[in-house]
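Below are the chains, spelled out letter by letter.
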Amino acid sequence: MPKRTDIKKILIVGAGPIVIGQACEFDYSGTQACKALKEEGYEVVLLNSNPATIMTDPDFADRTYVEPVNPETLARIIAKERPDALLPTLGGQTALNCAVAVAKDGTLDKYGVELIGAKLPAIEKAEDRTLFKQAMQNIGVTVPESGLAHNLQEAMEVIERIGFPVIIRPSFTLGGTGGGIAYNLEEYEQIAMAGIDASPTNEVLVEESVIGWKEFELEVMRDKADNVVIICSIENLDPMGVHTGDSITVAPAQTLTDKEYQLMRDASIRIIREIGVETGGSNIQFGINPDDGRMVVIEMNPRVSRSSALASKATGFPIAKIAAKLSIGYTLDEIPNDITRETYASFEPTIDYVVTKMPRFTFEKFPQADATLTTQMKSVGEAMAIGRTFKESLQKALRSLEIGSCGFESRLFDETLAEPRPLEGSELRTLEAKLRIPNWERIWYLADALRAGLSLDEIFELTKIDRWFLHNIAQIVAMEKRLIQAVGLLEQPDGEVFRTLLREAKQMGFADLRLAHLWKVREGRVRELRHRHDIRPVYKRVDTCGAEFEAYTPYLYSSYEEECEAAPSDRRKIMILGGGPNRIGQGIEFDYCCVHGAFALSEDGFETIMVNCNPETVSTDYDTSDRLYFEPLTLEDVLEIVHIEKPEGVIVQFGGQTPLKLAVALEQAGVPIIGTTPDAIDRAEDRERFQALLNKLGLKQPANGIARSIAESEKIAERIGYPVVVRPSYVLGGRAMEIVYDLQQLRNYMQYAVAASPDHPILIDKFLEQAIEVDVDALSDRSHVVIGGIMQHIEEAGIHSGDSACVLPPYSLPKPIVDEIRHQTVALALELEVCGLMNIQFAVKGDQIYLLEVNPRASRTAPFVSKATGRPLAKIAARIMAGKSLQELGIDSEIVPTQISIKESVFPFTKFPGVDSLLGPEMKSTGEVMGIDFEFGKAFAKAQLGANVRLPISGQVFVSVREDDKAAVVEPVRKLRDAGFVIIATKGTAAYLRAYGIHATPINKVKEGRPHCVDAIKNNQISLVFNTTFGAQSIIDSFSIRRSALMHNVAYFTTVAGMQAAADGILALKRETLDVTPLQEYYPQNG
Amino acid sequence: MKAALALADGRVFIGRAIGSPGEISGEVVFNTSMTGYQEILTDPSYRGEIVTMTYPLIGNYGINREDVESSRPHLAGFVVKEACDLPSNWRCELSLDAYLKENDIIGIAGIDTRALVRHIRDQGAQTGVLSTLDLDADSLVAKAQAAPSIVGRDLVREVTCQTSYAWDEGTWDLAQGYQAARDAARFKVVAYDFGIKRNILRNLVSKGCSVTVVPATTSAEEVLAMQPDGVFLSNGPGDPEPIVYAQENIRKLLGKVPLFGICLGHQLLALALGGRTFKLKFGHRGGNQPVRRGAGHDVEITSQNHGFAVDAASLREDAVVTHINLNDNTVEGLRHKVFPAFSVQYHPEASPGPHDANYLFDEFIELMEKHQAVSRHS
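One line per chain: the protein sequences are A and V, in this order. In terms of the working numbering, the first sequence opens at residue 1 and continues consecutively. In terms of the working numbering, the second sequence opens at residue 1 and continues consecutively.
If a hint is listed, it holds; no wrong ones were tucked in.
Straight-line alpha carbon distances no greater than 16 Å define the calculated EDC-like cross-link-like pairs of lysine to aspartate or glutamate that follow:
{"hint": "1", "chain 1": "A", "residue 1": "LYS1070", "chain 2": "A", "residue 2": "ASP978"}
{"hint": "2", "chain 1": "V", "residue 1": "LYS281", "chain 2": "A", "residue 2": "GLU550"}
{"hint": "3", "chain 1": "A", "residue 1": "LYS661", "chain 2": "A", "residue 2": "ASP686"}
{"hint": "4", "chain 1": "A", "residue 1": "LYS661", "chain 2": "A", "residue 2": "GLU685"}
{"hint": "5", "chain 1": "A", "residue 1": "LYS224", "chain 2": "V", "residue 2": "ASP298"}
{"hint": "6", "chain 1": "V", "residue 1": "LYS279", "chain 2": "V", "residue 2": "ASP122"}
Derived by calculation from the structure, the hints in this document are not laboratory data. Predicted model, so just to flag it, every value in this text is computed and none were measured.
Could you build the full structure based on these sequences and the hints that come with them?
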């Protein structure tokens, strides 16, 4: 059927900031959708608050609104743009919820906007637990026993009927937020009430536990002609009970017979039809009883999802792109398959490899968090690996995670011993607990359980992980044993026996580095032996069809097989190394830069080659670069790709720390790194060399020293004076970084940190209290430097730059200071001979400027600056690296925009009960949003709204600040009082305010007896919290204030600068409602 | 133990032996189904073929006694990347390797099956020799070149039943396994066994037919003497052209009784109607083949297994093409303009594969119903 001509303008809603449960997979899907719809000639209007997305690049939509993703903003855009249709299924749960809201409140009807993809009744049927259950009963599909509860009494009635254990699922929340598994009444009450609280409809589903059942997912697509196809089946290694986002998952399903698989397929087709998802993709989850095959359906997402992104990457079938085309009326049989060219989207992909996805966790960032894996998602990213066997794919996935693992390292044994000692007593019980209670390390404990001699049946009983997976891991462990026993063969490495063994190990996915560990030799030695035997990987294509048709898209993965299909070209080519799995400190921003690099170089006529292993990203879309290698980003894997492709340049400065860490080794191996030299990178990263550099340029940095022992650290701290900032060298995202106020704290830290990172010394810097932090992104071609953007942080120095809000252009720094910052930036870039992007962090205290950090690479802020100024920094940087000069590119001066852009960070605290939301030098945010307006207050209010912080315009403000901050808080509090807010404060703060003529009602601190401030927050009497603290005890005392504000969705600010900005934002909100403006109108001059 | 697979065009793969030792020749083909290897092993249509599975891990869920399409495996040889030696599934009874050994089937594992598949795709399906006895490349290639081609051979005689029999088992259900026939059958169906898959019979039974399976060579007169409400033309192995006796019988049955053909049965019907068949380069084998029904946008995902196809241009006016393959536009189904006869190239009985085309059995029932009504009137 031809595409619809009755609609011309389509509004797409993005997913907003990266949060746990909603990561860059929605940029991937949204970008595909924007491209697909523009290609078809529609006018595309986009709403997404996340500046680090590719989809919000002004080229991808006709009108790009970087505004908060919420129903009010959406309604304003609809009123302004009058689109014909709203496509809500590509921006995750956030977009879907927004669309439901504007559909229900009549906005869509009022403006005559049609929901396409999924209609309101379908969305409600899929999302509302009661309707879903009813729908499943209508078509004879079994669901687990369940009941709904909206309050404690209902919850009790339900549990009496179902019995323990139960799974509690709040309605309409993301990534299972607020849900959990309860084994007893106490747990049940707690989780059920928290879930009711977390649900926007105050509803939880209490469900019969099918914990331990096998878990499967099917990705389903339907078109207007009612054709339904299954794109991919996924089997979870972790059985039911662990959120699928936190599970190790494998595609395709491995342990279902055809009869069982077809039952699931039939059920999926009936489900998508019954729910009534008109066109597009859905994800359906099933549980299967391992004892008798009984199948239940768990849930359905009537939209593209994390799993559909994974399924797209796993099969080569671009679900989001096809979904977009289906939504405007095409049928599956009309949409060509890009990969085969001669076939159509109307088929079911078949694959001839095994895909393994592993979640990436960051519990080290939240030591107080419960690290047990449950039905609420906790991982922040994922890596995917492709191999010809599960063993190969699994071991590739392990090393793709970039957590220092290159295989099945033992958690318990000296793994270079062929016969580990048997475990008994408490050690055995510990191991059993690690197997029984799901945790992120369980996959490694499985190997240890096998080493300890547990049988597959015993391990199955403890974990309920299917014996098929266990057997495969057992084969890997058995191979390790053979390898260890064969260590003697290294003496005669030229023999056929060694060659055969080595090849077999490589076919099972063993990394060179893993073999080196087992044999106690250097990695280089293994590589050398492997190459001597000419054991090298070949590259196979992902082609959607199991080789039945020729694949025209070079989407490749390595395997130790016979035939190589890489077919490298002899074009001029440049390889870009990606960032690997998302984690806190390295996320979508780096992928954004990689993608831009590929786009720019492709425009310049180069063949672009992308290497990455993150299935969520735009960079791993086969469309983004000319050639895609879906591979781990380790030295071994990258060297092999370089060997086959022989690029004229490799870019390491876009993918964050991941490729940067490889730079020196790659260069030593003769790989042509382009851009800033690894030596220059080292000059900036190595503390001693950096100091020499600053001395040479006459620049200042906070007093500092390097400690290699506790004693040394004490001496340094004494010399420079407390407080000091301490951190291990070579870290990203402020990992293990702390501000230390006294000797005792320093000693504690040194013990912890040195243990955390034994190979690296500890850096100690003077902490500049109350200093203003400034971020600068700049471009340089070795002879010229152009500033990309100067950002003033709102939060003072000491809060990790990735966690603080920042403003472009600077909003309160005096011009001479900003000019001096420009001057220093240029000097540094020229001295380091930066070629491409660089990022510098300054601290300004009074009229003094200190250098905190120089990163001669793409930074986290590059996408934000690009959006704020309209100048695509990463693209320009890529061109410079490939040989162009700034002059040739016509880049001669800094753009200082008239509008104000504010970047705000978004945190995962609600996902981690018991974790303090106080900000510090260690980065904790998962994502960012951007607010743009011509006035600071409005831009700030937008940024807050984007981050889902609702600044109140009336009500009571609770103020409790530490001594040093009392003076600074007077002004913002006065502004709020004048604006009609009632001020409530703890006694000391109240007294101080009174002295300045501000009446504040005193209220008890938590330890002063009840009723206290937390009671007031919980009783919804407070609409805004200003709270700063100092010292460990005070932090503990005020923890419940922050936590309760967080859980009750009360806006709270924990820095004075944040409070000042908040007051301005509130005043702006009171004055007038926020309006919406597309990016394209902010910088027509660039357009 | 090592095994070798040599193709007539000289390409040789060395891997590990699975199943029984020995040496056999056959046409080397590939199947893209990710599940259903047990059904594939026992499908008589694979007679004379060395089947390569494109999915690399085969045997994961083992072998059970239920998921069989005939009494034993029929294919000549089996080629996989990795054969699972410790299967896992609640219905699993034995491993793939044990099953192949039990049934004296030669297999090979550990080769680059994707390379083999690409080779077949580019060079075409061809004769090959699979051996655990002779690993010499030149010798094996020579044997492959000398081995008989699948073209022009009557493989049906090798798989058809010797005597007729009644079938009364219905389709499979998770809770109860195969279900017994329902109530009293409404239709009497005679099914020609050219290498019939049991799931066709099970579907007919579940739709209310009493089924008698007859040998491929049974004459039309004998069949008509049984007074069937409908005659089913089954799937089967190899080239349809040499199966002249079947074409003749079909010609005689045409117009006298409703006919429904699947796969080889479809090709034989086309030949009986005066059409021609041709050998596809490498065939259609798998569970993801899109078939367009009619002229609109109705597409069904089908299970297929055939190396020959009906030439659309050869069909006379009395045959209407009802279904085409979306990938290569080959004929997937036809219907007689006047007489109650229709057929499909693919497998509505699935097993393995999707159930999208199950409605065809209902259409056969409707056709018999209509014919019954007409007969009663006349």
